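Undergrad: Based on these hints, arrange chains D, E and R with the ligands on the given structure of chain V.
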Amino acid sequence: MPESMIQSVLKTNYGMVKAYADHKNDGIVQVAFTLPVPYARSSSKAALELAKAMGLVRPEVVHCQRVTDGYTYFIVYAHCPHSVDFEALQADTPDVDFMTQAEVEAFSADRIGRLIVVVGASTGTDTHSVGIDAMLNLKGFDGHSGLEAYACFRAYNLGSQVPNGVLVAKAVAVNADAILVSQTVTQQQLHVHNLAELVDIVEAEGIRKDVLLVCGGPRVSDELAKELGFDVGFSKGTYPNHLASFIVTELAARTVEARRDSRLRAAGGW
Amino acid sequence: MPESMIQSVLKTNYGMVKAYADHKNDGIVQVAFTLPVPYARSSSKAALELAKAMGLVRPEVVHCQRVTDGYTYFIVYAHCPHSVDFEALQADTPDVDFMTQAEVEAFSADRIGRLIVVVGASTGTDTHSVGIDAMLNLKGFDGHSGLEAYACFRAYNLGSQVPNGVLVAKAVAVNADAILVSQTVTQQQLHVHNLAELVDIVEAEGIRKDVLLVCGGPRVSDELAKELGFDVGFSKGTYPNHLASFIVTELAARTVEARRDSRLRAAGGW
Amino acid sequence: MRSKLGLDAGVVAEAREAAALVARRVSSSLSGKSTVSVERTVARLLGVDDANELEVPLPNILVDHVRDHRGLSHGVAYWLGNAMIQTGKSAPQLARLVACNELDLCQLDVVAERRIREVITLECERALENLKDAQRKRQEFRLSLRESPPPLVYVLTATGNVYEDVTHARAVADNGGDIVAVIRSTAQSLLDYVPFGPTTEGYGGTFATQANFRIMREALDEWSASNGRYMRLSSFCSGLCMPEIAAMGAIEGLDNMVNDALYGILYRDINMRRTLIDQRISRMVNGYFDIVINTGEDNYLRTADAVQAAPSVVASQLINYYLARESGVKDSHIAVGNAFEIHPTVTNGLLIEWAQAELTRELFPDCPVKFMPPTKHMDGNGLRTHACDTLFNLVTIATRQGIQTIGVPTEGTFTPHIHDRVLGLECVRYVFNSARDLGEEIAFRQDGFIQSRAQQVLRDALQLLRYVVDVGLFEAIEQRTFGNISRLVDEGRGADGIFETSDMYLNPFVALMLGDTTCQNQ
Amino acid sequence: MRSKLGLDAGVVAEAREAAALVARRVSSSLSGKSTVSVERTVARLLGVDDANELEVPLPNILVDHVRDHRGLSHGVAYWLGNAMIQTGKSAPQLARLVACNELDLCQLDVVAERRIREVITLECERALENLKDAQRKRQEFRLSLRESPPPLVYVLTATGNVYEDVTHARAVADNGGDIVAVIRSTAQSLLDYVPFGPTTEGYGGTFATQANFRIMREALDEWSASNGRYMRLSSFCSGLCMPEIAAMGAIEGLDNMVNDALYGILYRDINMRRTLIDQRISRMVNGYFDIVINTGEDNYLRTADAVQAAPSVVASQLINYYLARESGVKDSHIAVGNAFEIHPTVTNGLLIEWAQAELTRELFPDCPVKFMPPTKHMDGNGLRTHACDTLFNLVTIATRQGIQTIGVPTEGTFTPHIHDRVLGLECVRYVFNSARDLGEEIAFRQDGFIQSRAQQVLRDALQLLRYVVDVGLFEAIEQRTFGNISRLVDEGRGADGIFETSDMYLNPFVALMLGDTTCQNQ
Ligand code: B12
Ligand code: B12
Ligand SMILES: Cc1ncc(COP(=O)(O)O)c(C=O)c1O
Ligand SMILES: Cc1ncc(COP(=O)(O)O)c(C=O)c1O
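Protein chains in written order, with this note's numbering: chain V, 1 to 270; chain D, 1 to 270; chain E, 1 to 522; chain R, 1 to 522.
Looking at chain V on its own, in the form it has when it is part of the complex (with noise of 0.2 Å):
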């Protein structure tokens, strides 16, 4: 009885998904931020004011402290009105299922036959190398042993720092399946400039549809690697097992298709 009137009290709505606390659609949202305003009573004001401005309800400021003159620190907590679809969302983000290495392993054997090039680096000016590293090594990430240890790959890591016409370079000469980047410096969008300038080598050495193009990094979206061009995008949390699953599920699906594609023309259906 209790445990079904609980349900029901506190079933969430997943059309209209709004912030909690500790009641049902209380909206309850933490804001902060710096403003260029000077350490006064006005200045808790600019706070609420730009609160207001995302549609915040009931503003408050909790917190202001001065960080040096002419510049405030605010913490502010309002309600929030604004809510989300959430069961939109779910319908549009499948959660996926990685395979496992030996999955992988089976399913490339079975599904493509020969050995996958990779060649993966951390491009540009950047140095962080530990995420490629625990991508491609043997070693691996967190005993998730990188794409040198499957029977399936043949992989390249340049390191870090690398130039990103020299990975393309060494993509072509190895004939790659996939090139690999990462990126880590994410300071004034550098990691969006120097991945928007790789795929425009890419698409301008012309073997664009030839490669997997995948990036990853702390602050890389799947998101934002496909509205830079790139064919996935990988953050956070990933496991070599992850990167590899969506590279022999996409390579056996291109090749499926390029059949198609050979017997359409075969056929002359194009």
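Careful, some of the hints might be misleading.
Claimed, not checked - Under the rule of at most 25 Å between Cα atoms (straight-line distance), these lysine-lysine pairs were calculated in the BS3-like manner:
| no. | chain 1 | residue 1 | chain 2 | residue 2 |
| --- | --- | --- | --- | --- |
| 1 | E | Lys-376 | D | Lys-236 |
| 2 | V | Lys-236 | R | Lys-376 |
| 3 | V | Lys-139 | R | Lys-376 |
| 4 | D | Lys-236 | V | Lys-52 |
Everything labelled a hint here was simulated from the structure, so no lab data went into it. Here the structure is a predicted model, which means the values were calculated and not measured.
TA: For chains D, E and R with the ligands alone, kept in the frame of chain V given last:
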């Protein structure tokens, strides 16, 4: 030279103030909240959508954490395109100069010339008395004596958990110039309900015009106080002399006004 | 274990004796008195529950009825015993009849007092035995599961809505909390009755009702069973219904109760005698049912300065402890309180806290001492609060506290949001694990800052206890000894609920519970 | 001070000897070699600055010119000395003439080598004396103001725009920071020239240019003067222009430089020999001008596991230390590095950190050892990071570190926002003050966890040092001894900038600087 250059590069346009992280007008804000959604890939999208609903641009989930089944906590950073007209706010919010205890006493002797009676309490079910004690008791707060220590005040402190009716009755009994109420517990808007009740009682007693109605507490802002029908509200960082300054200035102004009114009335000016 | 603080055993012994004397004198000064809430407790333990259509609880109707008929000095047990003999009905049935005005307890013929005593004592014994049975089953359930090693992690929930509290409690359990305490709504303490039924509205907390206890207990038991770790439930034996809450806790299988002898006096302005009589019975119930009690010295540090008030904390801990012992509570079930409340800007404040926490630990070697987080000086800056909580967690683990109430980043702002508890718990887990054996690793410099501070606080506490012995506890409270708050013996709420007992007064539970625990103790 | 860790003095001595031997062998293996950046440093110290209209810095134009004329093996000082004699012009004037193709240095008639040596040595002496003068004035300025007691609080700024960095630096100063370090843009380390002029665009940091140094120096001096407390300025002597940055720092009055012997090799893939030659000269300059250098063992803990890599940190600290001593840097100016990088979930991780920090402190009693914050395991959860920073701050103050880089709540996310530094500093102030004398108050249990850990790490470090002595530093690096990274002696960037010196090679600065500091040292 560099100094003047710095000035010009970084000078803030107070007509259009945006949030600041490390570049003028970068508009970066942090938003944090829990959503009643499970901890899964699609959930981060819900957080991003909520941020977008606030008008935020390029939101990024930097942290998400399972709270319990069906609840997930998010920290989002984003660019906030909104700006605030700080110039207008500055004009609206003159920064007040408070008198010291001695100044209050001199001002009162000069302009009021009688003992000012104040009655205060933490009312309703609220047992927090430290705030009202800080305002009224000899010991005061942070080295600033409370109103009891002022030559010009006669202060009654009824303590905490005092029903609003009892406070008002006492005010009537001693013919108080000001009623002071403290409120600390704000959960579920308890303070709002309780303060509104006090105003109702005061109005029902027909004494609203005869007393200054003052409230205070850590989450009581001047805006809220006025909205609820108080003359003023005091929050964190209040010292007794702030309260005292307000009371004597306001009483003096009212005396002047009352005299003018009665002169006007005498002259048939109404 | 050797004293890390180089405490003088003589001073310790003397302080203990003084506190024990204070407690004994309080007890004897209150003998021959009972209160309406004690009588309602008797009714509750005999199974009286429920409320009438106006939501007045039957225990109140019953006791008010007896009082209105000037029968209260005999005790409600006396009248119930007699009525059982006369009508053959049970206590709940009798209460219901009284509630519908179908029975006047005090107008029934009265049998011989010995007869009444026999019958009602048997009823009380049976009632206790039933509850003990349930308690034993719970203990088996607990022992069949994992439990965390101390410090047990104590977390509040306070949404105002018991169903939301359940959600918060699940989050607490999922994130490593060991004890969930549903904090009470602001209004409850001064109500001279316990509200009835599940409640979904409360300010600053949720009403402690028996239904709410049950809802939370079920939710925690369900979690415990499916996660293999036992979650404890706590509430507050305080306010005008102190002993009734203890009875409700026993009935609903609570494991822990905040239960201070003086809190109601100082912080709720409840009459001294009323509180001291009530606490005696509430602690008897808690002691008998092996519910761990927690004292509230933390509160003093919120209205007085923590550096200066340290001796009063120790004095109060000892008095609270001996008052609990007077009620038959075992050492293993008395969690004396202390808090990390020194202003963050005090130089070497951490050392002072460490000294005090270790002092509490050493003075009560067999008690699960309870340590409470910084709150007074916390503000809207959550990171600052979190930094203070981190050092608080460090001192907790390094001084082997038995129970720790966690700090949360929004401590200075509002009753925490669901993720605040999760983030607070995360910090606790981090520090407890990262500094697990720190306490054993370090020794304090002989006669250094920490040792000297602890020794000084102990000496000053002894001074204070001598003073309390001299003037008596009532006068000491009047003189602002605790929390810098003064209360007068004849003032405060609830004094009208005290009454003198007659020679015929009956409350068999006292003898049954004390007798029993005394045996267990030996 | 007695060892808190019970270290074996024999093991300490043996480890020191081994490291000293490694350092000596590195030095001798590189004698007879110089690099383009060393030559540009000579030019800079002689006053060559500025850039041409293509923004190529004159020191580069000058050195490339000599190299193109195959004159580099004599050293740029040789050609400048000769040209001065021939033309009567100063080094900056000569450089400018070369830059406009109006002068071919290597085509001038050449006077007797002795004559050149005399003239150029005098010039170098004069240059050093001028800089020393400025340095003495700065020292007077500093001594006329307050300074914080150690640990000095070191804070990065990294906006990419030097003017924004100034704003951040003011926030740092206002909130109690002692040292401001402007972190460099990602691209800079691999540039074989130092960019010119004030810069307002950079990624992950701001370019270290002489103009940027000056802008920040002026801003900090202004703050210092008006607030009565001296703010120190730091940058990074690293990358392909290591020694030039040292010269620029000396010219612009920097107080501190991150200056590790191996960082460029391991983390920027710069050629080993190139880095080791460059570090030698850069440290000479820093040592001569009393600029405190900081080594970077923290980095190893970011690419290797902190618990396992502990011995390599100690081995590297000792090697770094002796390499600095080889360049004439005094103990008081060598801040050997260490970091708080153990995973937050390691049981007793805090004890291991404490042992290591105390070990560093005891191994380098006269050095201002530098402690760096957790970063590797930090994530987007700012409160979690802040909790780790709080314990980090505690260990810092308890182990009497000389310099502490602060942690900030967004360490795991991005280059911190302005308030992140303020919040990080607030935590530092809190903990340093609240735990001020904790270190003196506590002793570690004899042969307990902490002592055993420190002793074990020291023994393992000695093992490692013996191995490095056996195989040589180059081979040890190849074998992943440091940071779990392997580099090959003939690979890496900048190898083409190394050259063999001839018998006529002139660089009077080396003798002048070493001679001088050697005297000071005695
Ligand atoms: C280690 C480290 C370093 C090391 C790098 C050593 C090395 N060889 O990699 C050193 C000490 C050299 C270093 C230097 C600097 N660093 Co650094 N560094 C870090 C640190 C501590 C950890 C990063 C890391 O290794 N994470 C562990 C790996 C496993 O995680 P990951 O990279 O996210 O990878 C995972 C996923 O993202 C994904 N993934 C990543 N890449 C790829 C690629 C593909 C194809 C796929 C499928 C998946 C994938 O899978 C991985 C496993 O799950 C972070 C702080 C932090 N806690 O994150 C700062 C940090 C990244 N560094 C930072 C900065 C600014 C720098 C410097 C630029 C500072 C400076 N100006 O000097 C310099 C680098 C200069 C340069 N040119 O780049 C900033 C970046 C800020 C930003 N967002 O822009 C951080 C966040 C610290 C901070 N708050 O300031 N750093
Ligand atoms: C001390 C304290 C207590 C003490 C109170 C003792 C006493 N006699 O006052 C005790 C321990 C009893 C207590 C109990 C409870 N507390 Co309490 N308590 C606090 C604490 C630690 C400090 C408050 C304080 O004294 N501040 C110092 C004073 C000087 O500051 P102040 O009140 O803001 O006053 C200043 C200004 O606001 C202003 N001001 C205030 N009043 C007035 C009036 C006038 C006229 C003017 C001009 C100015 C003014 O001037 C003052 C000086 O600058 C806060 C946490 C915190 N750090 O704030 C929690 C806190 C206020 N308590 C809280 C709660 C929930 C409770 C309980 C309800 C919990 C419970 N359910 O049991 C109970 C109270 C039950 C009840 N019926 O009210 C919450 C409130 C949450 C919320 N926003 O709703 C807080 C924030 C803690 C938390 N995070 O949970 N508490
Ligand atoms: C010792 C003690 N008892 C009781 C309570 C709360 O109970 P009440 O609802 O009676 O205020 C508290 C609150 O923190 C407490 O510290
Ligand atoms: C020892 C050391 N040197 C240099 C640097 C940064 O300099 P660069 O710009 O050469 O990467 C760092 C960065 O943290 C460092 O740790």
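Undergrad: Taking each numbered hint in turn, which are not upheld by the structure, reported in ascending numerical order?
TA: none
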